[in-house]
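Chains as they are written, first to last, in my numbering: chain A, 135 to 320; chain B, 135 to 320; chain C, 135 to 320; chain D, 135 to 320; chain E, 135 to 320; chain F, 135 to 320.
Certain hints may be false.
Identical copies go unnamed one by one, so any copy, or any two together, can satisfy a pair.
[To be verified] Below, in silico cross-link-like pairs of lysine to aspartate or glutamate (DMTMM-like), each with a Cα-Cα straight-line distance of 20 Å or less: (1) K175 / D304; (2) K195 / D172; (3) K175 / D185; (4) K257 / D304; (5) K154 / E264; (6) K195 / D245; (7) K195 / E267; (8) K158 / E310; (9) K257 / D268; (10) K175 / E280; (11) K175 / D153; (12) K275 / D253; (13) K257 / E280; (14) K175 / D145; (15) K175 / D269; (16) K275 / D304; (17) K158 / D245; (18) K175 / D282; (19) K275 / D245; (20) K154 / E310; (21) K175 / E309.
Don't read these hints as lab results, they were simulated from the structure.
There are 6 protein chains.
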Amino acid sequence: MALAIPPAELDTQNQAYFDKCVEKIGFVPNVLQAYALDMAKLNAFAGMYNDLMLAPSGLSKLEREMIAVVVSSINRCYYCLTAHGAAVRQLSGDPILGEQMVMNYRAARLDPRRRAMLDFAAKLTERPHEVEEDDRAVLRKVGFSERDIWDIGAVVGFFNMSNRIASATDMRPNEEYHVQARAPKV
Amino acid sequence: MALAIPPAELDTQNQAYFDKCVEKIGFVPNVLQAYALDMAKLNAFAGMYNDLMLAPSGLSKLEREMIAVVVSSINRCYYCLTAHGAAVRQLSGDPILGEQMVMNYRAARLDPRRRAMLDFAAKLTERPHEVEEDDRAVLRKVGFSERDIWDIGAVVGFFNMSNRIASATDMRPNEEYHVQARAPKV
Amino acid sequence: MALAIPPAELDTQNQAYFDKCVEKIGFVPNVLQAYALDMAKLNAFAGMYNDLMLAPSGLSKLEREMIAVVVSSINRCYYCLTAHGAAVRQLSGDPILGEQMVMNYRAARLDPRRRAMLDFAAKLTERPHEVEEDDRAVLRKVGFSERDIWDIGAVVGFFNMSNRIASATDMRPNEEYHVQARAPKV
Amino acid sequence: MALAIPPAELDTQNQAYFDKCVEKIGFVPNVLQAYALDMAKLNAFAGMYNDLMLAPSGLSKLEREMIAVVVSSINRCYYCLTAHGAAVRQLSGDPILGEQMVMNYRAARLDPRRRAMLDFAAKLTERPHEVEEDDRAVLRKVGFSERDIWDIGAVVGFFNMSNRIASATDMRPNEEYHVQARAPKV
Amino acid sequence: MALAIPPAELDTQNQAYFDKCVEKIGFVPNVLQAYALDMAKLNAFAGMYNDLMLAPSGLSKLEREMIAVVVSSINRCYYCLTAHGAAVRQLSGDPILGEQMVMNYRAARLDPRRRAMLDFAAKLTERPHEVEEDDRAVLRKVGFSERDIWDIGAVVGFFNMSNRIASATDMRPNEEYHVQARAPKV
Amino acid sequence: MALAIPPAELDTQNQAYFDKCVEKIGFVPNVLQAYALDMAKLNAFAGMYNDLMLAPSGLSKLEREMIAVVVSSINRCYYCLTAHGAAVRQLSGDPILGEQMVMNYRAARLDPRRRAMLDFAAKLTERPHEVEEDDRAVLRKVGFSERDIWDIGAVVGFFNMSNRIASATDMRPNEEYHVQARAPKV
Numbered sequence: 135m136a137l138a139i140p141p142a143e144l145d146t147q148n149q150a151y152f153d154k155c156v157e158k159i160g161f162v163p164n165v166l167q168a169y170a171l172d173m174a175k176l177n178a179f180a181g182m183y184n185d186l187m188l189a190p191s192g193l194s195k196l197e198r199e200m201i202a203v204v205v206s207s208i209n210r211c212y213y214c215l216t217a218h219g220a221a222v223r224q225l226s227g228d229p230i231l232g233e234q235m236v237m238n239y240r241a242a243r244l245d246p247r248r249r250a251m252l253d254f255a256a257k258l259t260e261r262p263h264e265v266e267e268d269d270r271a272v273l274r275k276v277g278f279s280e281r282d283i284w285d286i287g288a289v290v291g292f293f294n295m296s297n298r299i300a301s302a303t304d305m306r307p308n309e310e311y312h313v314q315a316r317a318p319k320v
Numbered sequence: 135m136a137l138a139i140p141p142a143e144l145d146t147q148n149q150a151y152f153d154k155c156v157e158k159i160g161f162v163p164n165v166l167q168a169y170a171l172d173m174a175k176l177n178a179f180a181g182m183y184n185d186l187m188l189a190p191s192g193l194s195k196l197e198r199e200m201i202a203v204v205v206s207s208i209n210r211c212y213y214c215l216t217a218h219g220a221a222v223r224q225l226s227g228d229p230i231l232g233e234q235m236v237m238n239y240r241a242a243r244l245d246p247r248r249r250a251m252l253d254f255a256a257k258l259t260e261r262p263h264e265v266e267e268d269d270r271a272v273l274r275k276v277g278f279s280e281r282d283i284w285d286i287g288a289v290v291g292f293f294n295m296s297n298r299i300a301s302a303t304d305m306r307p308n309e310e311y312h313v314q315a316r317a318p319k320v
Numbered sequence: 135m136a137l138a139i140p141p142a143e144l145d146t147q148n149q150a151y152f153d154k155c156v157e158k159i160g161f162v163p164n165v166l167q168a169y170a171l172d173m174a175k176l177n178a179f180a181g182m183y184n185d186l187m188l189a190p191s192g193l194s195k196l197e198r199e200m201i202a203v204v205v206s207s208i209n210r211c212y213y214c215l216t217a218h219g220a221a222v223r224q225l226s227g228d229p230i231l232g233e234q235m236v237m238n239y240r241a242a243r244l245d246p247r248r249r250a251m252l253d254f255a256a257k258l259t260e261r262p263h264e265v266e267e268d269d270r271a272v273l274r275k276v277g278f279s280e281r282d283i284w285d286i287g288a289v290v291g292f293f294n295m296s297n298r299i300a301s302a303t304d305m306r307p308n309e310e311y312h313v314q315a316r317a318p319k320v
Numbered sequence: 135m136a137l138a139i140p141p142a143e144l145d146t147q148n149q150a151y152f153d154k155c156v157e158k159i160g161f162v163p164n165v166l167q168a169y170a171l172d173m174a175k176l177n178a179f180a181g182m183y184n185d186l187m188l189a190p191s192g193l194s195k196l197e198r199e200m201i202a203v204v205v206s207s208i209n210r211c212y213y214c215l216t217a218h219g220a221a222v223r224q225l226s227g228d229p230i231l232g233e234q235m236v237m238n239y240r241a242a243r244l245d246p247r248r249r250a251m252l253d254f255a256a257k258l259t260e261r262p263h264e265v266e267e268d269d270r271a272v273l274r275k276v277g278f279s280e281r282d283i284w285d286i287g288a289v290v291g292f293f294n295m296s297n298r299i300a301s302a303t304d305m306r307p308n309e310e311y312h313v314q315a316r317a318p319k320v
Numbered sequence: 135m136a137l138a139i140p141p142a143e144l145d146t147q148n149q150a151y152f153d154k155c156v157e158k159i160g161f162v163p164n165v166l167q168a169y170a171l172d173m174a175k176l177n178a179f180a181g182m183y184n185d186l187m188l189a190p191s192g193l194s195k196l197e198r199e200m201i202a203v204v205v206s207s208i209n210r211c212y213y214c215l216t217a218h219g220a221a222v223r224q225l226s227g228d229p230i231l232g233e234q235m236v237m238n239y240r241a242a243r244l245d246p247r248r249r250a251m252l253d254f255a256a257k258l259t260e261r262p263h264e265v266e267e268d269d270r271a272v273l274r275k276v277g278f279s280e281r282d283i284w285d286i287g288a289v290v291g292f293f294n295m296s297n298r299i300a301s302a303t304d305m306r307p308n309e310e311y312h313v314q315a316r317a318p319k320v
Numbered sequence: 135m136a137l138a139i140p141p142a143e144l145d146t147q148n149q150a151y152f153d154k155c156v157e158k159i160g161f162v163p164n165v166l167q168a169y170a171l172d173m174a175k176l177n178a179f180a181g182m183y184n185d186l187m188l189a190p191s192g193l194s195k196l197e198r199e200m201i202a203v204v205v206s207s208i209n210r211c212y213y214c215l216t217a218h219g220a221a222v223r224q225l226s227g228d229p230i231l232g233e234q235m236v237m238n239y240r241a242a243r244l245d246p247r248r249r250a251m252l253d254f255a256a257k258l259t260e261r262p263h264e265v266e267e268d269d270r271a272v273l274r275k276v277g278f279s280e281r282d283i284w285d286i287g288a289v290v291g292f293f294n295m296s297n298r299i300a301s302a303t304d305m306r307p308n309e310e311y312h313v314q315a316r317a318p319k320v
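Same shape as in the complex, but just chain A (with noise of 0.2 Å):
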């Protein structure tokens, strides 16, 4: 049973940023129906996450969301594996890799690039504090720059905080996420 919170009164910024939600997808994602308790909230998580996953960076927004199932897989978060898996199969046109992201990343057939960003991400999730000057190294051979390494870290760093918030109020994703993008792009 998720908190029982009241949703504060939208203000119009963000009104509009949700009827664009339904616009566009159909539907307000119900992570932001749930910060929808206090606009100053909304907007932080709002602001951080459309620049994690939206702005330009070295990264591809394929691969911010790869990351973001892996951690989420490793954190068993029901909400973000839906919600990230279906953005994986939707953005890859590849629903098995969408999957194979949610069940085991090391059975899909990756790159060496994205293999080293998802180990990277799985060892920066289970164990922080042995991330070193070593597993930066990794990174950099198969040709991430710095700034694409604090992409990186910032996006695990991201959802091992989504992930923990989800579990601690019950967030319950919109049932519409399980039948997007089932079928391969042909």
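Starting from the known structure of chain A, fit chains B, C, D, E and F onto it as the hints suggest.
Chains B, C, D, E and F only, in chain A's frame:
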């Protein structure tokens, strides 16, 4: 060796923020220096941080800092243990409490409210997928409201993020923290 | 890359079995193809599997498949999660239930019987040496008979075997599973 | 207290099997007594077991028993450690080797082939989702064939099953095993 | 390969101690041979060991040996499991009890006092930072005094030390232990 | 609440020892007060401790204290982290080094010798059963002798003992430690 990312030029608002840091605490925390690689990211981080740790809440500022340190202790994050350990010492006037949060919060003689709060924080950090309604029930029983539970989850989540960004980028704390508030307040 | 073991020649009985698979579900499951390296091993595996999952039992076929997926989720077995996740979706007519078993069974709203069954399965998978009389007592309390407990243990055991054989040999699921039963039954 | 399940009536074939056990080793192993709750299950178990442990293989019978004990040691299975520990002592004529398999196989002075085999068995038991091509490559390097790798995986899998069924049902080993083959063969 | 450290010359007192070992048990335990690299260290170790395991205590000698084996089982210490497993067999006259302590103490049919004692020993070995007043309360409830709790903690601590020194230095048990007390006392 | 065990009467030698503690450091360490329940135990503990930490060794006193803190950090022992964290600050004149040993030794900029020493200490604490010849070879490569390896193992072992006795008995450090050596030596 920290990531070699040149800082962006500070915009006016953030220059003022950094100046105010120097004025009030004598230095700019290295985490802000690190985020200064990009004004949008700096704004997103500082916005979320300040709302989370300073805005009105059913949790006192000290309680939020105690959570920060307990989470960072589990993740063994040198940066956050140093900076937020100092904050616990300062806000509580009790340097031993700060040390206990760093070393093992179970060694502190806490009232049932704070003990339940930190047990929840520890479980949410270590085994987020096992946090369920029963865990929230324990928090309610010691007096936390629905909104307080959100706030606990949000602080736990935030430091699970920060700890990992600090580890990923080898962020190092300002040396000033180490000597702060070592003497008990009288 | 899966093990490069040439299949043995199928004997008449197994040829018929494989033909029946194609007729009924459109393909021969890759696990059977893999065991076709040796007729004795194929017979032993199929014999045990069919008895376990299809013979009369106090556990419904859906319940046995739910256990299969929960065990495979803990062991992160790509093959079994794919094949048996599809089976849960199909038998339950509830694609979301299938996803929850894959992601984190604690997120599903289960009745006490099924929850106890899956908690037992999880503990028996993760910490078999700590399973004791108290754990069986919980199962009895929600209505399972002595024989049902045997059957739960046997299904948990079987998938702890299969998961490891799949990992050891890099067994890959037939792609057909991914699209099966994605739409809720009406 | 073991599960209170009355045995079914033995069919002729299994009565002969049990009689042969008594004749050859002096008793019917309790695992067979336990499976005698249902002739189909007894046949499935005994069929798989006998093929796995006794059929021709690139692995010697002793090697298969060594794997059985190492897996059971990780899962701390009292039944299997007792029964298969005795088998290692007997097949090797080296009681100390049997004890080492039970206690910590790393303490035994093994040739590289057997050490690699047991390291693979340990990893496949503890972290099956991390077993990949590199792990199989190590086995190939010390001389194991593709089919041998299958057999190693199958034995590891089987005892991960048996260990859990024994724990789930509180199966107890026949006391006779404890004294078997305690003296070194000369 | 054990550490290549030449033994120091035994002083008169320790020569007598070693002679007495040979006289009473037929050999000098290898742990004493190892500590003979330095008389001060040998004295410190033997002094603590003899006080701990042989001095009057609310714990019987058998109980202290049972703790020794359970701790060593968790740490998988070949030396201590061998030497102290033999001691449990000998002191109890029950070889099966010795095996159960080595394999999984939960499989033994223990009275509540001994079960609580070994549960405490296991937790203190695996998660010392989580041992708290509640854990001591369980011991008091089954009849242990304050001083008994100290003695339990001291034996658990001691074998957590010995197990690690044995592993660090590849200490090997005298072969004589393996055959000792294998037959039940009548 | 610590164990309620009345101290025995101090014999002359230990009275002198305690007096000397007060004279030299201003107080009697609580661990000695705790062991004063029994003169034989106090002698055994103090004898081993003083030999281990103060006798000539290829390891400097600072190095031995660094190991003490790293082991205690893994075991999260409030007593030992407090007392030996102070010792590292004092012996090194570097309060930040003391904090790093408490928080995460990997954050310290150590030379290869000390890093290898602490990596060995961490592994021997967390996974003693996996310590093997290869681990000793790493120590030899950075210049440690056979005897030095013994000493490292002995210090690691000792604090794995002390940490557990402190946890079992709720031993609390003297408050004086917290303020010691907080300012960097100039």
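Tested hints:
1. When the C-alpha separation of K175 and D304 is checked against a cutoff of 20 Å, the pair qualifies only within one copy, where the shortest distance is 18 Å, while the shortest distance between copies is 28 Å.
2. For the homomeric pair K195 and D172, the shortest alpha-carbon distance between copies (18 Å) is at most 20 Å, but the shortest distance inside one copy (28 Å) is not.
3. For the homomeric pair K175 and D185, the shortest alpha-carbon distances inside one copy (15 Å) and between copies (7 Å) are both at most 20 Å.
4. For a Cα distance limit of 20 Å, the shortest separation of K257 from D304 across copies, 15 Å, qualifies, whereas the shortest one inside one copy, 26 Å, does not.
5. In this assembly of identical chains, K154 and E264 lie within 20 Å of each other by CA distance neither inside one copy nor across copies; the values are 42 Å within and 35 Å between.
6. Taking the closest pair of Cα atoms, K195 and D245 come within 20 Å of each other only inside a single copy of the chain (17 Å); across copies the shortest separation is 39 Å, beyond that limit.
7. Taking the shortest alpha-carbon separations for K195 and E267, neither the intra-copy value of 26 Å nor the inter-copy value of 29 Å comes in at or below 20 Å.
8. In the homo-oligomer, the alpha carbons of K158 and E310 lie at most 20 Å apart inside one protomer (13 Å), although the nearest pairing across protomers, at 31 Å, exceeds that limit.
9. In this assembly of identical chains, the alpha carbons of K257 and D268 lie at most 20 Å apart whether taken from the same copy (12 Å) or from different copies (18 Å).
10. For a Cα distance limit of 20 Å, the shortest separation of K175 from E280 across copies, 16 Å, qualifies, whereas the shortest one inside one copy, 30 Å, does not.
11. For the identical chains of this complex, K175 and D153 are intra-copy neighbours only, at 19 Å inside a copy versus 25 Å across copies, given an alpha-carbon limit of 20 Å.
12. In this homomeric assembly, K275 and D253 come within 20 Å of each other (Cα to Cα) only inside a single copy, at 14 Å, whereas the closest approach across copies is 25 Å.
13. With identical chains, the CA atoms of K257 and E280 are at most 20 Å apart within one copy only, with a shortest distance of 18 Å there and 31 Å across copies.
14. When the C-alpha separation of K175 and D145 is checked against a cutoff of 20 Å, the pair qualifies only within one copy, where the shortest distance is 12 Å, while the shortest distance between copies is 23 Å.
15. In the homo-oligomer, the alpha carbons of K175 and D269 never lie at most 20 Å apart, since the shortest distance is 34 Å inside one protomer and 24 Å across protomers.
16. Only between protomers do K275 and D304 lie at most 20 Å apart by alpha-carbon distance; the minimum there is 18 Å, versus 40 Å within a single protomer.
17. Taking the shortest Cα distances, K158 and D245 never come within 20 Å of each other, neither inside one copy (32 Å) nor across copies (37 Å).
18. Taking CA atoms no more than 20 Å apart as the test, K175 paired with D282 passes between copies only; the shortest distance there is 14 Å, against 27 Å inside one copy.
19. Taking the closest pair of Cα atoms, K275 and D245 come within 20 Å of each other only inside a single copy of the chain (13 Å); across copies the shortest separation is 25 Å, beyond that limit.
20. Taking the shortest alpha-carbon separations for K154 and E310, only the intra-copy value of 17 Å comes in at or below 20 Å, while the best inter-copy value is 36 Å.
21. Proximity of K175 to E309 under the C-alpha cut-off of 20 Å is found in neither arrangement, the shortest distances being 24 Å within a copy and 31 Å between copies.
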